Structures are given as structure tokens and as C-alpha cells.
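K.L.:
Protein chains in written order, with the working numbering: chain A, 904 to 989; chain B, 190 to 830.
Read the hints as simulated data drawn from the structure, not as lab findings.
Honestly, I wouldn't trust all of these hints.
[What the hints assert, rightly or not] Per label pair, the in silico range of CB-to-CB distance:
(1) B:Val718 to A:Lys963: 27 to 35 Å
(2) B:Asp340 to A:Ser956: 18 to 26 Å
(3) B:Pro443 to A:Glu986: 20 to 28 Å
(4) A:Glu986 to B:Val271: 32 to 40 Å
(5) A:Lys963 to B:Leu212: 25 to 33 Å
(6) B:Gly345 to A:Lys963: 15 to 23 Å
(7) B:Gln683 to A:Ser944: 27 to 35 Å
(8) B:Val718 to A:Val980: 58 to 66 Å
(9) A:Ile988 to B:Glu650: 54 to 62 Å
(10) B:Leu270 to A:Asp949: 41 to 49 Å
(11) B:Asp687 to A:Ser944: 55 to 63 Å
Please read all numbers here as calculations on a predicted model, not as lab measurements.
Positions of the beta carbon are idealized from the N, C-alpha and C atoms, including for glycine.
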Amino acid sequence: MTVEKIVLNTAKIDCTGCKTCASDLAAENLRHALARLTGVSKVQVDEITSKVSVEYDTQKISFSKITERIEKLGYKVEIVSREEIQ
Amino acid sequence: MRELTKGVIQVALLGIFALAGALISGSQVAYAHEVSIALTLIAVALGYRIYLHGIRSLRHGNVTAQLFATIAIFISVVAGLVLPQASATGTAEAVGYLTASAIVAFIILAGMTLEDYIIHRTRGALEALIKMSPSTAHIHRNGAEVEIPIDEVKLGEIVLVKPGDKIPVDGTVISGHSTVNQATITGESIPVEKTVGDRTFAGTLNENGALEIKVEKIGEETTLAHIIQLVEEAQEKKAPIQNVADRFTTYFLPIMAVLAFSVFAVSYFALGFDVALARTVTVLLVACPCALSIAVPVAVAGTIGNASMNGIIIKGGTHIEKLKDVKMVAFDKTGTLTVGEPKVVEIKTFGNYSEEDTIKYAAIAEKFSEHPLSKAIIAKAGEMGMKIPDPTDFKTIPGHGVDAHYGNKHILIGRKMMETEISKEASQLMSMIETEGKTAIPVALDKNVIGVVVVADTVRENSLEAIQRLKGIGVKTAMITGDNMRTAKSIAEQVGVDEYQAELLPEDKVAAIGELKKGNVVAMVGDGVNDAPALANSDVGFAMGAAGSDVAVETADVALLGDDLTKVEYAISLSRRAFSTMKGNIIYAFVWNVIALSLAAFGILNPVLAVVLAEAGCISVVVNSALLLLNKPKPLAIAVA
């Protein structure tokens with residue numbers, strides 16, 4: 904089993920102005936949507952900086968499947984780091 | 190939920206330290222004053238989530254209540270430490286700055302935690318769906334029945350589903366008979382019969398019989414998983430009205446900065462430093478930009494969540510706004526208002542021949558035909574309990590009928606096969622049947638017409654109610670169909686649509702929708718596959734019976750997962766309510782801020798009261814929006830009245 908950890912910067916494509924309360928809701932949605940993907944073992948979403956970190960089993964799910972899911976939820980994704988941790 | 194528990198503990202600790210600090214300050218303990226200051230400062234520090242939120246949001250160019258609160262608390266703490274002792278932690282008659290900041294931090298943190306909780310609850314509908322996915326499945330392996338995690342089930346395997354168990358996969362029944370409650374998917378709580386050859390969905394509940402199901406889709410590929418993903422995506426899509434709220438919030442920061450500064454300046458010169466400081470802090474604390482920014486997203490999430498529990502997927506906030514304006518709903522006929530499968534509705538006979546004879550010979554001749562009308566006849570024979578022998582020979586002439594032999598008997602089916610043999614009586618009867626929009630199929634034995642089988646598409650059980658409900662909320666209805674005028678007229682009269690158009694080719698349907706759209710917001714309801722172009726041309730496209738058809742779910746603006754057309758009215762009514770909630774919330778939040786800020790600027794509020802007001806404003810907006818989740822369909826009588 905190979906576990907990778909990726910850290911992504913995400914931005915809501917149609918984001919304008921004040922969103923903090925709303926972003927709590929979005930962060931919760933994002934967290935749950937990613938956590939449910941088969942092969943994903945850990946998800947952290949920072950509701951203010953929109954930084955997402957995901958740990959996943961590379962044999963069960965591909966990197967692109969994860970970013971695709973985030974993009975489908977209306978975010979732009981930018982890779983900050985990607986490393987094998989196990 | 191773990192974060193919520195953490196939040197509650199923080200709130201409680203903050204409260205305890207603040208209270209202890211305030212109590213000790215008035216007591217006779219040694220170093221009472223110093224201990225009190227220390228305890229109060231710890232309390233204020235425990236509100237660190239507020240300050241983190243506030244400071245980090247500033248870095249991202251956002252304006253939040255937490256930002257104002259952070260500034261206000263900072264000013265108060267500094268004032269409390271710097272100003273003379275009397276106003277620091279409190280005297281008998283007034284709460285000092287330091288204690289006030291602890292109380293303010295307590296209220297804001299409590300408010301934030303409560304909002305987190307409500308937001309969490311807004312996801313309730315989704316969570317309920319997610320919980321419906323079973324985590325294990327029973328399968329046959331190496332001759333024994335074993336229970337394995339759902340991840341390990343492979344395509345093509347056979348899963349066993351016992352009565353009372355949830356079906357773990359999408360698949361086809363290969364043995365057994367049962368009823369299945371598919372409410373998770375379709376929103377319809379009346380169970381449906383499932384037997385060999387029927388499709389089943391993951392997350393639905395098997396009721397009374399054991400089923401063996403061949404696995405076709407698992408995990409993220411199942412219909413249930415798709416629904417969950419679609420609902421998540423839909424909740425993320427903004428409603429256009431959000432832009433109005435965003436425009437307010439964009440101006441919030443500059444307005445607040447100017448206001449806080451002017452209040453301080455004016456009060457300082459008119460009433461002195463103490464008053465000026467208190468008023469400025471109050472102004473900063475009473476502002477509640479959050480109520481504006483959160484009103485719409487929570488309402489969108491609540492509405493889409495509610496719809497999903499009723500078997501309706503609304504694909505985003507934009508469609509909620511369109512739905513509320515719908516004045517006309519156009520329905521496709523075949524497969525939408527009607528069942529879409531022709532059925533034998535009547536059998537007319539001549540001479541000494543019985544209904545059984547007519548169906549029997551018709552079924553023999555049609556036994557190997559794939560034509561929908563043949564299937565209707567064979568199904569009828571089956572219902573009548575007949576065993577149908579094979580024809581000796583048969584010839585299907587497309588568009589005309591069938592010419593077959595059974596032993597030494599010659600069977601002819603279809604009008605064009607027997608133009609010369611048909612009697613005047615039979616001919617008249619058939620014309621009459623056809624004016625009713627039904628299909629008359631004559632059956633001849635040795636060139637004698639022995640009977641006429643009447644076949645018609647039947648109206649869906651709830652089509653009439655669906656139309657009545659729409660009328661009840663002031664929405665007009667139309668039917669557009671490719672079928673002939675007579676059939677169209679007959680069905681239109683049965684279901685009671687306001688207008689209908691017949692003999693339309695798919696491109697004519699697109700044009701018909703365009704025509705209806707002049708001066709109306711038009712929704713179109715179809716199967717989502719054949720009607721895709723017309724659905725796309727309408728303002729809101731509804732695909733019905735969409736469970737299991739990914740194409741239909743993808744293309745539609747609103748997908749009805751079951752066959753229940755009454756959901757069209759529910760979707761419109763729910764959207765109307767949702768929109769008025771959103772609009773109401775924005776106006777309310779705006780007015781609230783204006784009034785609260787005015788009161789604060791004129792010194793009518795104190796900081797603690799201000800923060801209570803601000804939190805109350807925000808929470809009432811969130812609660813009002815979240816309540817959309819609990820909306821329920823009205824009974825028909827009320828909808829009509």
C-alpha cells in the first residue's frame with residue numbers, strides 16, 4: 904500500500920467578497936465529499952484559507968480522481984505539495 | 190460532530206473563566222484584582238477561534254463579524270488594562286471593559302458554535318442518503334454464504350439480500366420475488382414489486398422476500414452515489430440572488446471603517462474619550478455582515494436537501510430561482526403523462542367467437558413478433574392464463590400486420606392485411622375506436638373477422654392529480670406529442686391539460702417550447718433522453734423516471750427520480766417558498782444591520798447588548814433558511830383551493 908499526501912489550494916470559482924460563514928458550509932461539504940471517496944483515508948479542509956490536504960491509497964484512487972471531484976464542486980485547484988508518506 | 194463537541198467545551202470553559210474573574214473581582218481574597226484580571230484574560234484568550242477567524246479572513250480580503258469583534262475586543266482589553274482600575278474589571282454599578290470583552294467573546298463563540306451546529310444539520314438530508322449505503326454484502330463464495338465489506342464485492346457476483354435488509358448494489362434480480370421500498374431514490378414510499386429481470390438500486394430496502402441480485406454497479410458508480418454527488422454539487426451552486434447579498438457585503442468593510450471612525454471622532458469631541466471608546470466598540474460589535482452572506486447559501490442547501498428527500502434533484506440555486514417563476518409546464522405525452530406501453534384495454538368479438546378465441550389466435554400469430562402492439566397482446570393472453578402454442582408458420586409485414594398459420598387455420602392480423610374481407614360492421618366499429626385515440630387491431634380466422642383487439646397507451650395514475658396541483662398553484666399546462674391528433678386529444682381530455690399540440694417531430698417540439706416561452710417561463714417535463722433537445726430549450730427541464738438513467742439525470746435541470754408527476758408542483762412550490770425565504774432574509778439582514786448600527790452609533794446600546802443583538806440577527810437568518818429542510822408537500826385539497 905502506498906499512501907500519498909497532497910496539499911491543494913482551492914478557490915471557489917465564483918467567489919466574491921464576504922463568505923466566511925458560507926465557507927463553513929462549503930468546507931463541510933468538501934470535507935465529506937472527499938472523505939467518502941474509496942481509498943481516501945484523511946481529509947483536512949481549512950475553511951478560511953481553503954487549503955485542502957488529502958491522504959489516500961494510490962492503488963485505490965488516482966490523484967486526478969480527487970482533483971476532479973473538487974473541481975466538480977465548483978473549485979479551482981492548485982497543487983501545493985504532493986508526497987509519498989507511506 | 191467532534192469539532193462541535195470541541196466548540197461546546199471551549200464555550201463552556203470561556204464562560205467559567207469569565208464568571209470566575211468577575212466574581213473574584215468583587216470579593217475580599219488577597220490579590221483579588223490581579224487574580225480577576227488574570228482569569229478574565231484567560232477567558233478572552235479562550236475565544237482565540239474568533240480572532241484567528243477574523244485575522245485570517247482579513248488576509249483573504251473578506252469581511253466578517255469576527256474581524257470587527259476581534260478589533261472591538263482588542264480595543265476593550267487594552268482599554269481595560271490601561272484605564273483606571275475602576276473601569277477595568279468592574280465595579281458594583283458597571284461592567285468594566287475587561288469583563289465586557291470576556292462576555293462578548295463568550296457570546297460570539299457560543300453563536301459561532303450554534304451556527305456550526307445548524308449548518309451541520311442542513312446537511313441532514315445528505316447524511317441520511319449517505320447512511321442508506323450498506324457497508325457489507327452477503328455473497329456466495331466457494332459454496333458458502335459469507336458477509337464481506339462492500340468494497341470487496343466484484344461486478345458480476347451474486348449478492349443475497351434477505352427480507353428487511355438494504356440492497357447493497359445496483360443490479361438485476363436473478364431469482365426471488367419481493368417488494369422493495371425505493372424511497373431513498375425515488376422519494377416514493379409505496380413499495381414496488383421486484384422479480385426476476387427487474388433492476389434494483391443500492392440503498393433501497395428489501396421488504397418481504399429474499400432476492401438474489403447480479404451486481405452491475407458498486408461503490409461510487411451506483412445511482413445512490415451519483416445522487417449524493419449531484420446533491421453535493423448542486424448545493425455548491427449559487428443562486429443569482431446571492432449577487433445582491435454580495436454587493437452589500439462588498440461595501441460593508443469601507444462603510445464600517447468610515448462609520449466607526451466618525452462615531453469615535455464625533456463622540457470624542459462632543460462627549461469625551463470614555464463615551465467615544467464605548468460607542469466605537471459597540472458599533473464594531475453590532476455589525477453582522479454574516480447574516481447577509483449566509484442567508485442564501487443555507488437556503489439553497491436546505492431547499493436542495495429537502496428536494497432530494499422527495500426524490501427530486503434540483504441542480505443548483507439558479508434553477509430554484511427559475512422554478513419559482515414557472516407559469517407554464519409542458520409535458521411530453523408518451524411515457525410521461527402516459528405509461529408509455531400500449532395495453533389491451535378492450536376486446537370486441539363477432540359471431541360466436543369469444544374474447545378468449547380472439548386473443549388466443551392473435552397471440553399465436555404474434556408470438557415471435559417484437560412489435561410493442563404484439564407484446565401488449567401476448568401480455569394480455571398471459572393475464573388471461575393462456576398457454577400460447579407456436580404458429581406453424583408466420584410472416585410479419587412491417588406497417589401492415591401478420592400473416593400466420595396454426596395447423597390448418599389461417600390467421601390474419603391488422604387492418605391492411607384484410608382490406609377486402611372486412612365487414613361493414615367491423616369497419617365502423619374500428620373507425621369509432623380510432624376516433625377515441627385508440628388502436629384497433631382486427632383478427633381474422635380463415636378470412637373471417639372474429640374480433641377486434643383495442644390497444645391503447647394508458648394514462649399514469651397520478652397524471653390527473655399532477656395537472657390539478659399545478660392548476661391549484663396557478664400554473665398552466667400543455668402537452669406536446671409526436672402522436673396523432675386523435676390520440677393526443679383523448680389523452681389531453683383525460684388528464685385535463687389546458688392545451689395540446691400533436692404530430693410534432695423532435696425539432697417541432699423544440700419550436701413549440703420556443704413558442705410557449707413567449708411571455709412565459711416554461712418548464713418542460715419529459716423522459717430526458719428522447720426529449721433532451723426540447724428540455725434544453727425550456728427554462729427548466731424536468732427529466733422523469735431518471736433513476737438508473739445517467740444521461741437523463743445529467744442533462745436535466747431538475748431530475749425526478751421516480752415516476753410521480755405530482756413532484757413537479759412540489760418542486761415549484763418549494764422553490765417559491767425558498768426564494769421568498771432568501772429574499773426575506775436579505776432584506777431582514779440588511780434592515781437589522783442598519784437599525785442596530787444606528788442604535789449603536791447613538792449610544793443606545795452597550796457592547797454586551799450589541800453583541801447579543803448581532804448574534805441573534807445572524808442565528809435567526811440561519812435558522813429561517815435551515816427550516817426549508819422541513820418543508821412538506823401539501824395535501825391535494827389545499828393545493829387546489
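K.L.:
Now tell me, hint by hint, if it's right for this structure.
P.N.:
Hint check results:
1. B:Val718 to A:Lys963: 27 to 35 Å: holds (33 Å)
2. B:Asp340 to A:Ser956: 18 to 26 Å: Since B:Asp340 and A:Ser956 have Cβ atoms about 23 Å apart, the given range 18 to 26 Å holds.
3. B:Pro443 to A:Glu986: 20 to 28 Å: Roughly 42 Å apart at Cβ, these two residues miss the hinted range, so it is violated.
4. A:Glu986 to B:Val271: 32 to 40 Å: Violated, since A:Glu986 and B:Val271 (Cβ atoms, about 49 Å apart) do not stay within the stated range.
5. A:Lys963 to B:Leu212: 25 to 33 Å: violated (56 Å)
6. B:Gly345 to A:Lys963: 15 to 23 Å: holds (20 Å)
7. B:Gln683 to A:Ser944: 27 to 35 Å: Violated, since B:Gln683 and A:Ser944 (Cβ atoms, about 57 Å apart) do not stay within the stated range.
8. B:Val718 to A:Val980: 58 to 66 Å: violated (32 Å)
9. A:Ile988 to B:Glu650: 54 to 62 Å: Roughly 57 Å apart at Cβ, these two residues keep to the hinted range, so it holds.
10. B:Leu270 to A:Asp949: 41 to 49 Å: Cβ of B:Leu270 to Cβ of A:Asp949: about 32 Å, so the range 41 to 49 Å is violated.
11. B:Asp687 to A:Ser944: 55 to 63 Å: The hint (55 to 63 Å, Cβ to Cβ) holds, given that B:Asp687 and A:Ser944 are roughly 57 Å apart.
When held up to the earlier numbered hints, the structure conflicts with 3, 4, 5, 7, 8 and 10 and fits the remainder.
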